[in-house]
Structure formats: C-alpha cells, structure tokens
Amino acid sequence: MSVVEAESLSKWYGEIIGLNSFTAKMGHGITGLVGPNGAGKTTLIRLLSGMIKQGKGDLKVLGMRPFNNPELSSMIGYCPDHENLYFRMKPLTFLHYMARLNGLGTEECRKRSERCLSIVGLSGENRPIGTFSKGMKQRIKIAQALLNDPKLLILDEPFTGVDPVVRANLMDIIRDLSHQGIDVVISSHILYDIERLADDVLLMNDGKMLLSGKIGEIVDIVEDYTHSIIINTSSARTLGSRLFEEGLVDIVDVRSPNELFVRTRDPNSLYDFLPRAVLDEGIAIEKLTPIENDLQSIFERVVGK
Amino acid sequence: MSGGLSATWGMMQLTLWQMTRSRKFLAMVIVTCAPMLIVVYALSRPEMNEPYLFFNELTNILYIQLMLLLVTLINSTSLIRDEISAKTIGFLVTRSISRGEVALSRYLAHIAVNFFLVALPVALSYTYIGLVEGGLSSNLDILGPYLLMILAGVFAYGAFFYLLGILVRHPLMIGLLFAFLWELVLSNMPGRIPYITIMFYIRSLGAEMITSGSIARYDSISGILALGVLSALTLVLLMLSRRSFSGKDLI
Amino acid sequence: MSRFYARYSSWAGLRTSMGKRMSFFITHGLRRALRSKWAILVLVITYGLIVMPRVFAAMNPFFAFDPLSYFSLYDEMQLFIMLYAAVIGAGIIASDFNDKSIVLYFTKGFSKAGYAFGKLSVLFLSFSLVTILPLIVIFAVALISSDLGLDLIRDNIWVLAAGLSLGLLVTLLLTTLTAGLSSLLGDVRYAGASIFAIFFLSRLVSEILLSINGNEHMKLISLWDNLSAVGTYLFRLDNPYGFPQLYPFLVIVGIIALSSLAVYYILFKKELSL
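Chains as they are written, first to last, in my numbering: chain A, 1 to 305; chain B, 1 to 251; chain C, 1 to 274.
Any given hint could turn out to be false.
Some residues of chain C that are not near chain B, with every Cβ distance over 12 Å (derived) [claimed, not checked]:
hint, residue
1, L73
2, V87
3, I102
4, F117
5, I195
6, L204
According to the in silico footprint, chain B covers these stretches of chain A (three or more CB under 8 Å from chain B) [said to hold, decoys possible]:
hint, segment
7, 43–56
8, 83–89
9, 131–137
10, 244–257
Here are the simulated SDA-like cross-link-like pairs (lysine to any residue), alpha carbons at most 20 Å apart as the crow flies [claimed, not checked]:
hint, chain 1, residue 1, chain 2, residue 2
11, C, K100, B, G247
12, C, K269, C, L129
13, A, K137, A, T160
14, A, K208, A, A24
15, B, K87, A, K208
16, A, K111, B, W9
17, C, K112, C, S101
18, A, K56, B, G247
In short, the hints are calculated from the structure, not lab data.
Here a beta-carbon is modelled for each residue, glycine too, at the ideal position from N, C-alpha and C.
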C-alpha cells in the first residue's frame, strides 16, 4: 500500500492556485518533495497533515482522508516550516502537553517527552523555548512530531536557516528514524538536501508534479548540475581559500568580509568539510543559504527533456 | 484512534496554562480587582449606611456592565485567533483530537478563567463587606444571583466572542462595536429594543432574584425564560463555532 | 543568477531629503489608516448620525453660533471618537512590534525621534477628522448660511476658537494616550480594549465615588468629564462642576505627559528585542 496517494488533487486559495491537478504516489521510506518557492510543497504538506481541506481530486494518507481526521493524526507526526512555538513553555512542558493531546496518560506523557527530547539531543534543556536557537527550535519541532510514535513523519523545510552542524545532525536524526521503520515525507527547495536523505524524490513546480522516481534516477538526469551556496561566516576570505585549496569549489566569490559565494559540483564533500572547518579550524559559520536558481535550471532542463 | 477524554482534558489544561501563565493575565487580575479599593474606601466613610446596597450597585454597574464585557471580549476572541495568528494551531489540530473537541474544550477551559477574573473581585468585595459590617450569610441572596449572572454572562458573551475570533481575522473592532454600542447602548434604550441584547437576559436573571437596587428596576422577563434564552443562544453560538472551526483551512 | 534577477548596482540617482521622507512616512501612514474599512465605517456613522444633523442645524440662525450646541457636539461624539481611536490608534505602534517591522524603520535612516514624530502625526491628523474637522465644517456652513457680515464673524469667531482649542486638546489627549497604550501593551486587541476601558472605567469609578462621598472632585477621575469641564470654560458656559476648571486642564496635561513618557520609554529606553 502506498503511504500517500493523490489523484488529480487541486487546491485554490481564492484566485491563487496552490496545487494543480496533482497526481502522485509516495511509497515507504523517505520521500522528498523538491521545488522552488511557490511550487506547492507547503500546500501539499498542509493537505497531508489535514491542516487544510482539499479542493478537487482525491487524497489518501495511510489509506485515509486527512482533513479533520484524528484517527489518522494519531499515526502521523507533523513538523511545520515556521519557527513559532509556545515560547514561554519549557521544552518538557511543551512536549508533555502535546503528548496529552495525543491521548496519552500522565506518566506515559512524561516518559515519551523525555525520550523524544533525548532523541533530538535536547535532554536537560530547561529554559523557555523562546530562548532557543533556530537549530534547537527545529529539533523541538521534530521531537513533538515523534511523541505519538508515528508511522508517517511529515517534515516541512526542516533545514531552513540552520547552520551546517545542525543540518548534518538533523539529517542523521531523520535517517535514523527512517531506519526504525518510520516513513518520512520531507520538503525542501534544495535538491541536494533531499539527495542526501531521500529514497524517492518528487520534483514540483507551479503546483504540479514534474518528475518522480528514485533519487539516483533523478540525479542522473541532472547529473552535471552545479550547486551555489552563500555562506555567512566570520572569515569569508580564509574559508574561501581553504575550500579552493581542498578543490571543493569551482567558483569562489568573497562578497564581503563575512559573506562568501561558492559554486560546486561536489556538494557532498563540501557539506562534509564545513562542519570540520567549524570544529577543527575555528571558522564560525553563521548561515548557509543554497541558491535555488540551480533548481530552476534543473527544472528547465527536465522540462526541456 | 482518537485521543478521547484524555486528549480533551489535555487541551483544557493547555488552555488554562496559556491563559493564566502570562503577564496579561496578571494585568487583568489587577484591573478587575482594583475596584475593590473603592469598597475599602466606601466602608471607611461614615455616611455608608447600606453597604450591601452599595455592593449591589457596584457589581451591577462595574462588573456586569463593563468588566464582564471587557474580559470576555479580550479572552474569548483570542482563544483560537491567537493560535492561528501565531501559527501554533498546527500543533493542536494534527493530534489525536478532532477539531470539534479542540473548539469545545478550549471554550470550556476559558470559561473557568473568565469566571474567575470577574467573579473573584465580586466575591472578595462581598466577603470584605461581610467581615467589616457583618451579614455575611444573610445577604447571600445578593451575591448568589450576581455570581449566576456572571456565569451566564461568561458563557453567552464567551460564545459570541469565541465565534467572532474564529470567523474574523481582526475581531477587535466588531467586538468593541458589539460590546459598547450594541450591548451597552441598546440595552439601556426604552421599549423592547433591549430584547435584542444579551445584557437584557442577564439582567433579567438578576431582576428575578434581587429585590433591591437598580437591577430590580430594569424591565425584565422571567428568570427561567432568560436562562433558557441565554442557554439556547450559547449552544447555538457554540455549535456555529465548532462547525466553523472544523471546516476551516488553517494556513 | 543574473539570468533571473537584475544585478545590484549602487543607486546613482538623487536621494530624498529627510523632510520628504518624513512627509512620505506620514502621508503613507495616514492613507493606510484611513483605508481601513472600519475607520471608514466609523467616519460614515459619525458624520451621518451626528455631524450632518448639526450641519443642517447650523443653517438655522438660532443655532448657528450657539456655544452650547458646539460644546455638546463632543459629548455626542464621545463613543464614536473612542471607537475611531481604537481602530486607528490601537495598532499604530503595537503592530510594528508584533510583525517585527519596527527595526526596518531604524535601518532606513529614520531616528527613533523621527519614527515617534511620524506615528504621532499620523494619529493626530487622523483624529482631527473626528475632533476638529466637524467643527470647522459646521462653523463654515453656519457662516455661509448667514449674511457673512464682518460683524457677525467678529462676534462669533471666539466660538470657533473655543471649539478648535477643545478639539486640539481632545486630539492631543487621544493621540498620546493611544500611542502610549499601543506601545506599552504591544498588542492591538489589548490596546484597543484599554482605550475603551480607560474612558468607561474612569467615568464609572468617578460616579461611584461621587455617590459615596458626594465630593465633586471625584469627577476629576473621569477623563471625559475633565474634557467637558475644560469645554465649559472655553465655551464660556456656567461651570457645573464644584471645582475650578484649571484642575481638569492640569489632569489632562498630566495624562498627556504620562502617555508621552510611556512612548518615550518604550521606544528610547527599552531594548528592541525582536
């Protein structure tokens, strides 16, 4: 049985179309939804999680319709794309209440909250969530999605705005969850993020599905795509020259003392190197912003083919 | 499988946590309790001959006609609307609890807070008067009806403002118009015009049971009928809230 | 990248002066405030229900320059002025905090003083539409409907001056009070409700205290009674209050000062932690 089955699914927001006759099947494992901003990923995620009701077409998640369906909700974990949480709550209190909403007893809530916090590496954090960094907020969002031992985890842009160490760490967590038999649907506008994680990938644009298949097949189609990244760092010049020395990048452009633009054909090695640069060489990296125009060029190529 | 009673109870606890663990709640307690200073001052005056009549008037004018409206306007409109604005609603409706249960449990939990905010200063004022002037137990026929009026008021106004908060993105303006133009102005008009306000039925409840003060002089209908109207109105508004929230796209 | 976006190049054109930017800030804010459907609704109701009947009454020579008629205009408009203040004023600073856009102003060359001045100007001009403009309109109609003689104008111009002074005071009070509440509470709903609460609560409390001790000074607690008391002085009416009209004037000035202090504290002294 497919985890998700969508048939001619459409969703309109007034006069704007979010999803346009979208048809797809998602199987077990990790499925990546990739597309530029406005492609319809978040609309699809919201439909899958039952936040919004579908327009035309048919949608089944784990064989059930998702809108306002608590039976299905008890089997899925949803991690939204935004950072808003109950900022005044401490993580354990937040998870405790979320577990209560899953219908768990008090003792069970406590145990699962503590376990989920430890899964995401936040055990012992006892300050209000509002004081957390972006990466910690992402982790707490994943933790709350795990409280009900979900069969399906729905993650909307979980890597947005996090530094390379947290990014790598979140990927490990998601991979580990998948190995334990949890199916994952994950959205991103960065093909590379999905490439590292997903078994299957679904390319979306303008509310439609462009291409779907095993990640290897998709990457083969677009094998020579380059990957552009803006790196905000404490020392753009040093990091730029180190990346060049290592042969990890084709183009380096130091745009300011704290901003570096690079283009690479081997993002795997680059992403592996960056956490090392942080830990071993003391170069602070504040933010990585992959440029989605690469994705646009891939789409153009795909559509061209 | 739905989370059942445990999830509903959890939602009520969460709502209570959210409503009471904030500086705004503290500010509201201060605002609603501040008029108690007037009671303390009034009792210190030698010309205060009828303290329970004073309590009667104070509660009617200040708590029934103003605080009740203010507290429910602020708290009830924000109950769901703030979750939608802050986007945290996604954490609530993707759990083992139906949207209908979310709507009802949040409403019920907030009733307790609203009742506490309005009834606490009334009960404390009464107790203070009783302790200073005596007659604590012999004037319960004034306190009791007022507490009932406050309870009926938080249910009915709560349901109205709750629905408003679900339906309208910025409920403040309609809420203020309703509270201060519709309710306060129309309920004091002559003839049958007050019949179209909630305040009329709340007052009718009091007028049936309290024999002294201005509350007894209002035009009214029988208390049972008023209670019936308020209950029916609350139920209808609540059903509409539940229905509206259950079918809402939460973006 | 350049296939999709224009390349950045530094702006070679003229930059506008601070004065022009401020004027844009104010006119933009004013346009935004007055485009609100609720603001329009309150304006329509206020002018339709209260101002227009007064305009027609002003055509009657008997009422045309009657000070009592001008004075009572403010009393009748009280509720609508508060509604209007809540609609326009509640979010004036609070929404900039809520949507975290306040820092954007300060990164565009605006000083905090400039921001405060701009916001207060938007409020002042918006409120003038219900506090000052109706009076001018009614007075103008009264003049046009009469024989427009110089003597008539000379004899009655003080009514306009009194009305404008009271209007100015009401506008100043509302401007600073709503800006103070909006910045202090940082929440549109709370600020809006507080504007009402302050006017209603102060009046109710003053009436209750007056009934307890019979002391007329209790009316000084009521914001609207203070304005009315100053109004009776300006319109040369009998003083129905048991205290000199200077007291309420001082109370109003005090509230204006306190509210301005609140705006100053929130914008200048408090760290903008977004």
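The hints, checked one at a time:
With a cut of 12 Å on Cβ distances, C:L73 stays outside the contact zone with chain B, its closest approach being about 18 Å. The beta carbon of C:V87 sits about 6 Å from the closest Cβ of chain B, which is not more than 12 Å, so the claim that it is off the interface is violated. At the 12 Å boundary, the C-beta of C:I102 stays outside the reach of chain B, the nearest C-beta of that chain being 18 Å off. The beta carbon of C:F117 is kept farther than 12 Å from every beta carbon of chain B, the shortest such distance being approximately 26 Å.
Separation of C:I195 from chain B is inadequate, the least Cβ-Cβ distance of about 9 Å not exceeding the 12 Å criterion. Not every beta carbon of chain B lies more than 12 Å from that of C:L204, the smallest distance being close to 6 Å; the non-interface claim is violated. Proximity of the segment 43–56 of chain A to chain B, defined as three or more residues with a beta carbon under 8 Å from a beta carbon of that chain, is established by the 6 residues found. For the segment 83–89 of chain A, the proposed coverage by chain B is satisfied: 5 residues have a C-beta within less than 8 Å of a C-beta in that chain, meeting the threshold of three.
Figure legend: the segment 131–137 of chain A, annotated as covered by chain B; annotation inconsistent (0 residues with Cβ-Cβ distances under 8 Å, at least 3 required). With 0 residues bearing a CB less than 8 Å from a CB of chain B, the segment 244–257 of chain A misses the requirement of three and the coverage assertion fails. Proximity of C:K100 to B:G247 is assessed by CA-CA distance (about 31 Å); at most 20 Å being required, the pair is judged violated. Under the criterion of a C-alpha separation no larger than 20 Å, the hint pairing C:K269 with C:L129 is inconsistent with the structure, at around 32 Å.
The suggested pairing of A:K137 with A:T160 holds, with an alpha-carbon distance near 11 Å, which does not exceed 20 Å. The suggested pairing of A:K208 with A:A24 holds, with an alpha-carbon distance near 10 Å, which does not exceed 20 Å. The hinted pair formed by B:K87 and A:K208 fails the criterion: a straight-line CA distance of about 26 Å is larger than 20 Å. This hinted pair checks out: A:K111 and B:W9 have alpha carbons roughly 19 Å apart, not beyond 20 Å.
A C-alpha spacing of about 13 Å is found between C:K112 and C:S101, which places the hinted pair at or below 20 Å, so the restraint holds. For the proposed pair A:K56 and B:G247, the alpha carbon gap of about 16 Å is at most 20 Å, so the pair holds.
Figure legend: structure checked against the earlier numbered hints; hints not met, in rising order: 2, 5, 6, 9, 10, 11, 12 and 15.
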